[in-house]
Amino acid sequence: MRLVEELFDSELPDSLGQRAQALAFELVVIYGVQADVFGWASTLPSQPGIIAPTGLAHYLDVSFLLNERCLNLWTIATCALLACGLLRVVRGAYLLALLGYHCEFVARYSLGKIGHASNVLGFALLSLGAADLAYRDPTLRRRAAQGFTLILLSIGYTWAAVCKLRMLGFAWADGHHLWLWLREKAVDAASLLGRAPHNNKLQRLVLSNVHIATLVLALGLTSELTSSLMFFRRARRWVLLGLCAMHLGILYTMDIAFMNNIYVLLSLSLPIAEVVDALSRRIDRTRPIPDANTT
Amino acid sequence: MVPEVEAREPNNEPAPSVPLGPAEKRFIGVALALVLLYFGLALTHGGEFWPFSRFPMFANARKPWLRATLRELRAEDLDTPLSEVGERDVPGLRFPLAELGIDQNDLSEVVKRAGDTLEPEDLALFAQYFPDVGARTLILYGVRGRLRSDSTVRVRYRPVAMLHGEHVTAVVGTPSARQMGAP
Numbered sequence: 001m002r003l004v005e006e007l008f009d010s011e012l013p014d015s016l017g018q019r020a021q022a023l024a025f026e027l028v029v030i031y032g033v034q035a036d037v038f039g040w041a042s043t044l045p046s047q048p049g050i051i052a053p054t055g056l057a058h059y060l061d062v063s064f065l066l067n068e069r070c071l072n073l074w075t076i077a078t079c080a081l082l083a084c085g086l087l088r089v090v091r092g093a094y095l096l097a098l099l100g101y102h103c104e105f106v107a108r109y110s111l112g113k114i115g116h117a118s119n120v121l122g123f124a125l126l127s128l129g130a131a132d133l134a135y136r137d138p139t140l141r142r143r144a145a146q147g148f149t150l151i152l153l154s155i156g157y158t159w160a161a162v163c164k165l166r167m168l169g170f171a172w173a174d175g176h177h178l179w180l181w182l183r184e185k186a187v188d189a190a191s192l193l194g195r196a197p198h199n200n201k202l203q204r205l206v207l208s209n210v211h212i213a214t215l216v217l218a219l220g221l222t223s224e225l226t227s228s229l230m231f232f233r234r235a236r237r238w239v240l241l242g243l244c245a246m247h248l249g250i251l252y253t254m255d256i257a258f259m260n261n262i263y264v265l266l267s268l269s270l271p272i273a274e275v276v277d278a279l280s281r282r283i284d285r286t287r288p289i290p291d292a293n294t295t
Numbered sequence: 001m002v003p004e005v006e007a008r009e010p011n012n013e014p015a016p017s018v019p020l021g022p023a024e025k026r027f028i029g030v031a032l033a034l035v036l037l038y039f040g041l042a043l044t045h046g047g048e049f050w051p052f053s054r055f056p057m058f059a060n061a062r063k064p065w066l067r068a069t070l071r072e073l074r075a076e077d078l079d080t081p082l083s084e085v086g087e088r089d090v091p092g093l094r095f096p097l098a099e100l101g102i103d104q105n106d107l108s109e110v111v112k113r114a115g116d117t118l119e120p121e122d123l124a125l126f127a128q129y130f131p132d133v134g135a136r137t138l139i140l141y142g143v144r145g146r147l148r149s150d151s152t153v154r155v156r157y158r159p160v161a162m163l164h165g166e167h168v169t170a171v172v173g174t175p176s177a178r179q180m181g182a183p
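Keeping their order, the protein sequence lines are chains A and B.
Quick note on the working numbering: the first sequence kicks off at 1 and runs consecutively.
Quick note on the working numbering: the second sequence kicks off at 1 and runs consecutively.
Simulated from the structure, these hints should not be mistaken for laboratory data.
Any given hint could turn out to be false.
[Claimed, not checked] Dumping the calculated DSS-like pairs for lysine-lysine here, alpha-carbon to alpha-carbon at most 25 angstroms:
no. : chain 1 : residue 1 : chain 2 : residue 2
1   : A       : Lys201    : A       : Lys185
2   : B       : Lys112    : A       : Lys113
3   : A       : Lys185    : B       : Lys63
4   : A       : Lys113    : A       : Lys185
5   : A       : Lys113    : B       : Lys63
6   : A       : Lys185    : B       : Lys25
7   : B       : Lys112    : B       : Lys63
Chain A extracted, bound-state conformation:
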């Protein structure tokens, strides 16, 4: 079971750096979730209703979340559960926070358009919750949470690539498609701000030559298609950074900000553990050895 060893190796010794990396991942997730629920809490009361139910809203009437008082209580409860999860007060806290987050999401995106900028936080919160229930040992819990997140991320990105290939095959990467979307985004930006948007350098570059636009799309598709390589430790950092680059490309060409994806991918891929361990070793070397006579 090489794959299990790559994603979750209970025999690997723990280190300060690994704990720091896991904490960074957890804090990124908690920060993103609370920012989402507080953000939705400010827009939900003005929403006309639940028009196109999704998720649990198929089975549960979430219109109570359009009431400002209920919504505020729900938001505060969700954030309190996040805090309980972080401080390990209650073992199921993260999963209950996920339920609160899910209900706010399905209430917010009930007009027909489903946003995909918070799915990665849902994956990570579900993974943290599942790991919390499955393991009492903090080291195993941390590793399992990251392993589960990688599995869910990989399924999501691979499925996205398969959807694209199923529609048009490799012709999906034709740069003219990017031109079509850039016009769509220009209409959106002008509509939102009331003025014609200025093209940035990357947008001007892809609009100047269709082959460059094709290359940009091909790189994005390749990043998604190869996302399963994140299962392997040696490739993981580069696969995750490649996906980060894809999201930055989407941000600078189409003004679609998948910031949660970028932050979660960075928290899993930056060499935080290595840097912290190297610093820790250096501090250990420079620390004076206590005199035996004084102890």
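Following the hints, position chain B against chain A.
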């Protein structure tokens, strides 16, 4: 402390296979449950059961798009017939949705759902959706874009409804805003 990964790397010989411990077995069990949950919920709910999704955004690359935008008519635009036009011929000035606190994606979706012919319930929804716009005369346009056979992008603006005060009126035919009751 030296991380064990570094300690293991110099040895290139394949590690002897060891039976899985209880922690690994539990990891496999939970991971399988999550994978089943992902596919089970996504496949039985049209590909979307947050956070599980098949992420179909931009998959249908050649599909024409429909967005929504608001234009504010000036006094000299009130007698202009409201008809489907190209980008350069749209009457009035762009009106920022941000000023009304309306989300661009949500509005576009509402216009898309309403379709070409507005029913009374669509108008009721619009009336609920838009705040009182005061003395302004705003026209809600559906903006359609598609790739032409010569690979250029064609964008057309079609008037959907007129907003004045707290009233929303459907645009039927090609009337001017004044014929629809704008002062």
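Structure-based check of each hint:
The hinted pair formed by Lys201 (chain A) and Lys185 (chain A) meets the criterion: a straight-line CA distance of about 16 angstroms does not exceed 25 angstroms. For the hint pairing Lys112 (chain B) with Lys113 (chain A), the CA-to-CA distance comes to about 10 angstroms; that is within 25 angstroms, so the pair holds. A threshold of 25 angstroms between alpha carbons decides the hint, and for Lys185 (chain A) with Lys63 (chain B) the separation of about 15 angstroms falls inside it, so the pair holds. A threshold of 25 angstroms between alpha carbons decides the hint, and for Lys113 (chain A) with Lys185 (chain A) the separation of about 16 angstroms falls inside it, so the pair holds.
In summary, the hint linking Lys113 (chain A) to Lys63 (chain B) is supported, as the alpha carbons are separated by about 16 angstroms, within the 25 angstroms threshold. Only pairs whose Cα atoms come within 25 angstroms are accepted, and Lys185 (chain A) paired with Lys25 (chain B) is rejected, the gap being roughly 47 angstroms. Between the alpha carbons of Lys112 (chain B) and Lys63 (chain B) the distance comes to roughly 14 angstroms, so the proposed pair stays at or under 25 angstroms and holds.
Hint violations for this structure: number 6 only, all remaining hints satisfied.
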